[in-house]
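Protein sequences appear in the order of chains A and B. Anchor point for the first sequence: position 480 equals 480 in our numbering, and the numbering is continuous, going up by one each time. Anchor point for the second sequence: position 86 equals 86 in our numbering, and the numbering is continuous, going up by one each time.
Keep in mind the hints are simulated off the structure, nothing from the lab. All values derive from a computational prediction rather than experimental measurement. All C-beta atoms, glycine included, are put in the ideal place defined by N, C-alpha and C. The hints are all genuine.
Each computed SDA-like pair below joins lysine to any residue, with the alpha-carbon atoms no more than 20 Å apart:
| hint | chain 1 | residue 1 | chain 2 | residue 2 |
| --- | --- | --- | --- | --- |
| 1 | B | K252 | B | E302 |
| 2 | A | K422 | A | P389 |
| 3 | B | K202 | A | P17 |
| 4 | A | K477 | A | N357 |
| 5 | A | K422 | B | H11 |
| 6 | A | K202 | A | A289 |
| 7 | A | K422 | A | L392 |
| 8 | A | K170 | B | D190 |
| 9 | A | K44 | A | Q92 |
| 10 | A | K84 | B | P295 |
Output of the computed footprint for chain B on chain A, the stretches with three or more beta carbons under 8 Å from beta carbons of chain B:
| hint | segment |
| --- | --- |
| 11 | 19-29 |
| 12 | 50-63 |
| 13 | 90-102 |
Here's the letter readout for the chains.
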Amino acid sequence: MAGVTATAPQVDGRPNPLRAGLQTTRITDPCAIVLFGATGDLTKRMLMPALYGLRQNDVLPADFAIIGYSRTEWNDDQFREAMKEGIADFAQLGRPEGPIWEDFARRLSYISGDFDDDSCYRKLRRHLDEVAAEFQTGGNVLYYLATPPVVFAEIVRHLDASELGPKGTKGWCRLVVEKPFGTDLESARALQREIERVFPEKQIYRIDHYLGKEPVQDLMALRFSNMIFEPLWNYRYVKSVQITAAETVGVEKRGGYYERAGALRDMIQNHVINLMTLVAMEPPVSSDADSLRDEKFKVLRAVRPIPIDRVDEFAVRGQYGAGEIGGQNVPAYRDEPDVDPHSNTETYAALKLYIDNWRWGGMIPFYLRSGKRLRRKNSEIAVTFRNVPHRLFGEQDDEFGPNSLVAKIQPEEGISLSFNAKYPGPAMHIRTVSMDFAYGQGFGVRTAPAYERLLADALRGDQTLFTRWDAVEAAWKIVTPVLDAWQKTPAEDFPNYAAGSQGPKAAEELLAAERDAWRPL
Amino acid sequence: MSVETIVAELHRLRETQSEREVMSATAATSSLIVYCDDAQAWDGITDSARQIAIAHGARLLLLDATGLNHGEHVCAFCSREGTDTICCEQVTLPLVTRDHAMILADVEDLLLPGLPAYLWWSCRRLDDGLFPRLRALAKRVVVDTSLDGNGHGLLELERALSREPHAGLRDLAWLRGASWREMAARFFDDPRRVDELERLEKIELQSGTPAEAALLAAWIGVQLGYTATRKSRQLTTPTGRQVTFTYTRRGKPGEICALFLRVGRVTYSAVAESDGHVVNLCRESPDEHRGRCEPMIRSSLEMSVSEALYGPGGDGGFTPALGLAACLVDS
Chain A
1 MAGVTATAPQ
11 VDGRPNPLRA
21 GLQTTRITDP
31 CAIVLFGATG
41 DLTKRMLMPA
51 LYGLRQNDVL
61 PADFAIIGYS
71 RTEWNDDQFR
81 EAMKEGIADF
91 AQLGRPEGPI
101 WEDFARRLSY
111 ISGDFDDDSC
121 YRKLRRHLDE
131 VAAEFQTGGN
141 VLYYLATPPV
151 VFAEIVRHLD
161 ASELGPKGTK
171 GWCRLVVEKP
181 FGTDLESARA
191 LQREIERVFP
201 EKQIYRIDHY
211 LGKEPVQDLM
221 ALRFSNMIFE
231 PLWNYRYVKS
241 VQITAAETVG
251 VEKRGGYYER
261 AGALRDMIQN
271 HVINLMTLVA
281 MEPPVSSDAD
291 SLRDEKFKVL
301 RAVRPIPIDR
311 VDEFAVRGQY
321 GAGEIGGQNV
331 PAYRDEPDVD
341 PHSNTETYAA
351 LKLYIDNWRW
361 GGMIPFYLRS
371 GKRLRRKNSE
381 IAVTFRNVPH
391 RLFGEQDDEF
401 GPNSLVAKIQ
411 PEEGISLSFN
421 AKYPGPAMHI
431 RTVSMDFAYG
441 QGFGVRTAPA
451 YERLLADALR
461 GDQTLFTRWD
471 AVEAAWKIVT
481 PVLDAWQKTP
491 AEDFPNYAAG
501 SQGPKAAEEL
511 LAAERDAWRP
521 L
Chain B
1 MSVETIVAEL
11 HRLRETQSER
21 EVMSATAATS
31 SLIVYCDDAQ
41 AWDGITDSAR
51 QIAIAHGARL
61 LLLDATGLNH
71 GEHVCAFCSR
81 EGTDTICCEQ
91 VTLPLVTRDH
101 AMILADVEDL
111 LLPGLPAYLW
121 WSCRRLDDGL
131 FPRLRALAKR
141 VVVDTSLDGN
151 GHGLLELERA
161 LSREPHAGLR
171 DLAWLRGASW
181 REMAARFFDD
191 PRRVDELERL
201 EKIELQSGTP
211 AEAALLAAWI
221 GVQLGYTATR
231 KSRQLTTPTG
241 RQVTFTYTRR
251 GKPGEICALF
261 LRVGRVTYSA
271 VAESDGHVVN
281 LCRESPDEHR
291 GRCEPMIRSS
301 LEMSVSEALY
311 GPGGDGGFTP
321 ALGLAACLVD
331 S
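With the rest of the complex left out, here is chain B (with noise of 0.2 Å):
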């Protein structure tokens, strides 16, 4: 199917709506590119991204990297709120057919113009040479270096955004850290704790994959100055003194399960409970033994990549951190 066949299409089916009045407002703010790779993935980046779309009145350009779809697909999907009907785009392209520059050229041709693009890149490999073709026309991107297993999104998305600093670049695996930022910083919200900072001796970090646990620790590093170097996991703090950072792998991918700080006798944990809503902070030394439980704000995928596509404007935290999170892994 042409482009010039996929927007008659949309044409009609914007006609037949009206003509039926189902389509009592037709979302038309910005375009949202989503690319998938992973067959497993699909239904549930598909459903989410057309939530997003619902939510924010995009046209959905869903791009099929898994081999799924053997051809292109157009429709309209509709919401009821209240009394309103809400009805969005979609249109699915397969791309095991296409070249990058035919991609490229349908994706142009297929935007809402004058209309700014949001992208969301769902695939383990951020080197693909799509990518930056993408990432040119999208004013945000949201990516997961959680996906890759092993780290090295976060190497890729390091390099990506030391060429454009300004690629509005977005990562999953930082957001679903937003939490864990916060608990570890509860520990030394009491002013006798904070000296304990100083003598931080040990990072160890459980999670499903490297990425996320890489990223904490890294924030963590970088709010107290401390530095690395490649191919080490030692950090170094402002006075030369050497702080370890460990990793085991546990739990889901993408998500933090455990996190201790270890000052000399002293322990700080936050670990989170097997439905992963709550979690228990303790502060554990020869003669005491103090803990609680706190809830742990967790955000849908849905919620998670809208808030990064659609949110507020950027963290200042997060490329400090990605910087100091790549040494950690790049070993």
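This is chain A alone, in the form it adopts within the complex (with noise of 0.2 Å):
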């Protein structure tokens, strides 16, 4: 998490003269942080975690509250407790004891309510109200909205009708929206509707976990803080995109919810799509929050529409069969708990876009892949570049291909360029070779998680790494055609990849139509 100097708070015009010139990434503003949500899987293996995360590294303001907000028949001790196993097992932060998490424990308080009660609001109001009398919070409040969401817009009417939203708070007021927006683009524009009724843009902070990842961040380092980099990123230079999120899960407990989203609405028009929106942009103007995010939503506008009678030109689709993962049996998707036995959902979704601008001249591939159940888990950006316009040196059989640049996002976290080295010895063989930067090692410091890095953003106001909703519904229209069609024709080959293999067939033969190939999971 990048040092920033604080701004002193002032009264009377007198800032602490010892805050002047201090590097600090503490948040200065005191605060209550809602969760609706709070007895979910998000609350314990993420947003628990990654609280406790920012109070151990001293990120929290001095004055915080955390309230869970559920309909689950809890008291305080049992958030406590449930709070504490989900710590403990997914922080890495070690067993949660000593003072500290005496402390922050005694700022955890729970409450039980349906979201769409009225006098469960009032309750949440005046347990705000008692909070911030107990934890100086200032009146300032974070909601975060951790639930499925068919209940979003239902907790935002609530909040505004019992004076809980931005107009019956003293200090400010913001929400953090998980995705996905939305379950297609006219039901992202009736979900926006009614959050923009109570919460201003400046408030909503829609959250993409992948944005908060180290390598996605340092992919803007890379292209500009680099010279080298740069002059070639463009049509001229790069041969073709990849942009990959595969998983070697399946869809464990979330049979239900997966059934209605499939592969395109979970993964790709939000994660990947905003992966690409880094890769494909122009240089903002300057690093604030909207320069940023009007370079990113200038790409999505830049995206060629896909035909919706030529979506198998561009998309394809793909469910996982029976396999074998890690020397282990997994069963097909259509096996899985809460999944209909003649499900049409996709575990697998490949786009193929261009984007017609003067930068990439709609003449380059970016492509698009994401997979449950496949050989690797792996997420990366490749950026393949052309070859050289003459073979002068090598053997015949040699193997050596084009440069490409590789942000590794996850399960490794860094940067790997390719390059073709001589292979030492008398005669001229060459072989690719490639210089790894790996985070892990790489300066030595902790990587702070994405959930920790994104709500320290929300908490300080920044908006850099949330999606604002111009880029939502541009990115909901990227794939409104190929949701369009698919849903008109379900598939006929389904289950038509293996668990444990590459994903389908018919994603090799999208790229082998343009002479490429995936990289190998």
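Please dock the two separately framed chains into a single complex, following the hints provided.
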């Protein structure tokens, strides 16, 4: 997490002189954090470990409180105990104990309530007042919607009706919304209308945790802090871009949700397209949130629409059958819990997109893919450059290819640049070698988990790494023809790839048409 | 062993490793020179240096002034990160049999050509004649003014910086104080308390050695516009009022364990718990006692050295604080 020079709190124009020039990552504004969906997996696995990590690393403000809100009938102690377990299991900080945990736990409280019950929101309002008095939260509040998406609008409506929204709050009031933001273009627009009625855009934080990962941010540093790459970053020198978000896991306990979502909605429309914008965008005029988001939006506007009658030329879907991963037999998607045995939901999606602007000239394919139960867990962005115009060196059987720059996002985090070099010896054999930079060791410092980074940014009021509405809408527009076509025509070949494989054959053919191939998983 | 023999041995090591396909990545982005004169600290310093070399891809030149090593030693050490193996070269040179000119010549010959060199000077004597000569080879230098145990390192470092203001000198005693500077600032984030800084009467510090205490007190002084005269433990405010600095030796060398700021009948205290990971902050007055605990962010030795040598650019607060700290210890 980057150090920032603190803005000294001031009264009557007198700043704290000890703050001047001090580098700190600490959030200065006191606040209350309300987690809707506090008993869910996201809170336990990600949010609470991230919040405790922020506390352990001295990033949370001195005065804060965390309120869990969910339907489950828990009291404060049960909530604390469950969160303690979550932190112990998922925070990689050891078992929480000692004075820092005790102080943190004291600031946790819980409200059991329905999302559609006015009286529960009145209870929340009273509780927020109590918390503000006890922990000096200054009336600032961050709401985090970690619930199923179907209740997002409901919660926002009730916050407004109970004067818990920006109009009724003394300090700042922000809303963090988890993905997916809608299930299609129309539902996203409807959700946006509900939210913007209550929260101005400047107070809405649409979270995409991929954007909080260090290598994703480093992609911007790599492009715009180095002179050597940017001159090559265009249709003249780049041959193609591949963005992969491959998982080995299946749907786990999320069969019900996944049946309605599928890989295109769940991954491509948000994470993967977001990554594409970072690769393709122009340099922003400054590092402020809107300059960056303006450039990302321009990319999305420039994506050539996929003709609905030619979707098969640009998109491939797949669904996994039974197979083997890591020596273990795993069931087919249709045999997973809460999944229709005749399901038409795709667990793999691949798109080929073109960007019609000056930089990319509408001629460089951007290949996007995401799937479950694939051979290897791997998320990366690979920029492949064109071949040299004339092969001067190397023997016939030498295997060397174009240069590629790969930003590894997970499980490894780093950058890898491949280039061709002479193999030692009297003959002029050429071999592809790579230069690797690994985040885990490169700087010898801890890299904050994505949720820590993004929660801290939301608490600071920095929207840079959050998705603006215009980008969400534009991303839905890109995938809408594919969603429509797939909905109209059920897949006849499902399941069409075995668990533990590279994905469906049709995906290989999608690239073969361009004389390209997917990077192996 | 001559330098030529050492270079030949390094070459042989590379070839051997390459044949065995062990050395998938050979680190060669910088040279890290480490000078150590403390036999007790040698193992810890060399372990940390190896970790830094692996992390930053450095050839490691260990200059042993302890007398523990009697011959030159050349080796490669490797670290496995996932599927990658990264190997670094290490050369250990015993200094007892070499004069300064010889040491310097050998080091120069063993530096990776065209790549930056970094110096970790782990020695209590900053007035050693070898120090400025090695410093001249390095892009950045890290020392620890706490090592001498009496604060005189601050005076030496101040002299060195005044002679070469752009020498890229960093002090571990200053870096270790970062969390304490943050804690001190935190007391006055409450806007109602800012005025009390104007009436500060006494800065009391407890630490294992005086350098880090003097640096923290001096930093507070610089932030508040104080001045000091040599051979006095008094700081003078811009209005001419005197503020007393007191130091009590307590705890481990190099570590601060408590800070007290006294303003009339009000005392602000930051006291580290025995494990050093938690600090209890308190504002105490006749009618109020408000305390809370805060995590103390502590870096390992290798992380501190790594940050000092390879981390982001300098810290503008250090040089003025060093000037004032030198006045406080020069008594």
